[in-house]
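Trainee: These are the residues of each chain, in order.
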Amino acid sequence: MHAHGRIALTLILNGAPCTASVAPSDTLLDLLRDQLHLTGTKKGCDMGACGACTVLVDGRRITSCLTLALAHDGAAVTTIEGIGTPDEPHPLQAAFIRHDALQCGYCTPGQIMSGIAVIAENPSSRDAIREAMSGNLCRGGAHPNIIDAIAEVAGL
Amino acid sequence: MNGFTYARAATLAEAIGGTFIAGGTDLLQLWKIGAATPAALVDITSLPLAGITTSANGVLIGAVARLADVARHPAVPKLVTDAIMASASGQIRNMATVGGNLLQRTRCPYFRSADLPCNKRAPNSGCGAIAGQNRAAALFGASLACVASHPSDLAVALAALDAEIDIHGATGPRRLAIADFYRLPGDAPERDTMLAPGELITGIFIPTPTGRTIYLKIRDRASFEFAVLSVAVSLTVEAGIIIRARIVAGSVAPMPWRLHAVEAALIGRAPDAASFTAAAAVAAEGAQPLPHNNFKITLLRRAVARALGEAA
Ligand SMILES: Cc1cc2nc3c(=O)[nH]c(=O)nc-3n(C[C@H](O)[C@H](O)[C@H](O)COP(=O)(O)OP(=O)(O)OC[C@H]3O[C@@H](n4cnc5c(N)ncnc54)[C@H](O)[C@@H]3O)c2cc1C
Ligand code: SF4
Ligand code: FES
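Order-wise, the sequence lines are chains G and H.
Position one of the first sequence corresponds to residue 1419 (my numbering), numbered consecutively onward.
Position one of the second sequence corresponds to residue 98 (my numbering), numbered consecutively onward.
Hints in this document: simulated from the structure, not taken from any laboratory.
Just so we're clear, the structure is a prediction, and the values are computed from it rather than from any experiment.
A virtual CB, placed ideally from N, CA and C, is assigned to each residue, including glycine.
Honestly, I wouldn't trust all of these hints.
Only part of the chain G face toward chain H is listed, based on derived beta-carbon distances under 10 Å [said to hold, decoys possible]:
#, residue
1, 1443
2, 1480
3, 1539
To list a few chain G residues with every Cβ distance to chain H over 12 Å, as calculated [as the list claims (entries may be wrong)]:
#, residue
4, 1502
5, 1512
6, 1518
7, 1521
8, 1522
9, 1543
10, 1544
11, 1559
12, 1566
Using the sequences and the hints, build the whole thing.
Mentor: Shown next as C-alpha cells:
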C-alpha cells in the first residue's frame, strides 16, 4: 500500500521511544530539527557533502540530510543531544574541548558523532582517522585538532 | 521539490514495476534539485537482497548490500573493496547500496542544475556541456546529444573482473555481463543502462579474480571526491607471460571504458617496465577530447602506466 499524507513512525531516539508523524518526503534531518526540535544536528549543504548532519542509526554514522525519515521506522537514532551533558560530557566531547577542536562550532556536532563511529570502527593510525573523517568538513580549518581529539580517545 | 508517496516492499513481486529508492543518496540529491520527480517511491532495502554469498567460482552480492558492508566482507575481492573505500565518505558508504551505485547518474553540472539545458535530464533541451563546462565530460563513447561520463568507482572495478548483473523484471530474471549493462548515449542520452523501467537489480556476481589487481583513482583532493579519472587493472600472468588483461578506465566515458588497445599490447608480453610503457602509450587511442578535458589524455596514459607498475 502506498501511503498518502502523513505517516506515523517510531524511533528509539537517544535511548527513549519517540513517535512522530511525517510526510513521506521528510528527511531524517528535517524530522529531528523541525519537528523534534533537536537542533544540535546541523544542516550545512543538505546534499551529503559536508557531514554537519551526521547522526548514528543503529550505531552506524550516516548523513541524515540524504535519507528519508520513513526509512528508519523502528531504528535507534543517536544525536549529539544523546551522548553527554555539560556536567558529564562524552569522552570525545571532553577531548574536543581539551584540543580546542573547533572554531565557530557549526560542524562540531557532526564531527563528534562521526568521530564516535570512527573510534568504534577501530582505526589503525592517525592517517586512517584522517581518511575516515574526510566526510566532515570544517570551514574554520580545525581539522588537525579534530584529528588530535579523536586520536587521543582512540588511544592512538 | 515534489511530494511523493512511500511504500516498503517485502517481496520481489511487490517491488517490481515501481520507482525504487535504496540508500537514497543519489535519488534524494536529484529530487532536491528537481532533476528527479518521483510520484510513488518503493523502498527496496527490506527485500532479502542484502546478503553476500560465496560459491566455488565467485561471490554474489545482493543489490541492497551497503557499500560499507561489502567493502569489509572477507570474500569480496580486494579490487572491489579498494574502489569502494575510495568512494564518497564513511557516512555515505553506510547508506549507499551497490545496486544504487551502478545506477547513480552523471555528475555533469548541467544535468545537476534543473534550470540549464541538458538532453539527459530534459530530452531535446540541448547539451550545455559540449560548448560549456566540459572538464568532467567523456573522452570516449560520447555523442552529439550528450558527452557525460559515468562517475561510479565500483562499476570500473566490476568491469575489470567481468562481473555480471542479475536483473528481475515482469518477465522474470536475467543476467547481463557488466559490459552489456550500460548503453552509450547515441540520440537517447536519457537512458543510461539496458534496464527497462520497473526492472530491479537483484545482485552482482563477481567471478573469483585470477590475477593481480589494482584500483587507481585520481582526484582533485586526496579523499571524499569523485574521480577526475580512475584505472582498474586485472592482470593474469602465467610462466612469466601476461595471458589475460583487463584495463578499464573510469569517469572518461558514459560507462566503464575498457582500454582494448592497452590489453592487446600486454597479452603475450612479460609483465615488465618495457611492456607497460609500450601499452600505456596507446591508452588514449580513439579519445575525442573537448576543450576542458583534453589534459586527461596525458593523465590517462600516465595513470595506466602507474597502475600497471603498481599491479605487477
Ligand atoms: C557526497 C557524495 C559523494 C559521493 N562520492 C562518490 C564517489 O566518490 N564514487 C562513487 O562511485 N560514488 C560516489 N557517490 C555516489 C554514491 O555512491 C551513490 O549515490 C550511491 O551509491 C547510490 O546508491 P543508493 O543506494 O543510495 O541509491 P539510490 O539513491 O537509492 O538510487 C539511485 C538510483 O538507482 C535506482 N535503484 C537503486 N537500487 C536499485 C535496484 N536494486 N534495482 C533497480 N534500481 C535501483 C533508484 O531507483 C535510483 O534511480 C557519492 C555520493 C554523495 C552523496
Ligand atoms: S553532457 Fe549529457 S548530461 Fe551533460 S549537459 Fe550534455 S546532455 Fe546533459
Ligand atoms: S547537511 Fe547533510 S551532509 Fe551537509
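Trainee: Each hint should be assessed against the structure and marked as holding or not.
Mentor: Comparing the hints with the structure gives:
For residue 1443 of chain G, the suggested interface contact is upheld, since its CB lies about 5 Å from the closest CB of chain H, less than 10 Å. A cut of 10 Å between beta carbons decides the hint on residue 1480 of chain G: the least distance to chain H is about 5 Å, and the hint holds. Interface restraint check for residue 1539 of chain G: the shortest CB-CB distance to chain H comes to about 8 Å, inside 10 Å, so the restraint holds. No beta-carbon of chain H is positioned within 12 Å of the beta-carbon of residue 1502 of chain G; the least distance is around 21 Å.
The claim that residue 1512 of chain G lies off the interface holds: its Cβ sits roughly 23 Å from the closest Cβ of chain H, which is beyond the 12 Å cut-off. For residue 1518 of chain G, the shortest C-beta to C-beta distance to chain H comes to about 24 Å, beyond the 12 Å cut-off, and the non-interface label holds. The non-interface label for residue 1521 of chain G is consistent with chain H: the shortest C-beta to C-beta separation is roughly 20 Å, beyond 12 Å. With a least CB separation of 21 Å from chain H, residue 1522 of chain G remains clear of the 12 Å interface cut-off, as annotated.
With a least beta-carbon separation of about 14 Å from chain H, residue 1543 of chain G lies farther than 12 Å from that chain, consistent with its non-interface assignment. Listed as outside the interface, residue 1544 of chain G is consistent with that label: its C-beta sits roughly 14 Å from the nearest C-beta of chain H, beyond the 12 Å cut-off. With a least beta-carbon separation of about 14 Å from chain H, residue 1559 of chain G lies farther than 12 Å from that chain, consistent with its non-interface assignment. Look at residue 1566 of chain G: its CB is around 18 Å from the nearest CB on chain H, clear of 12 Å, so calling it non-interface holds up.
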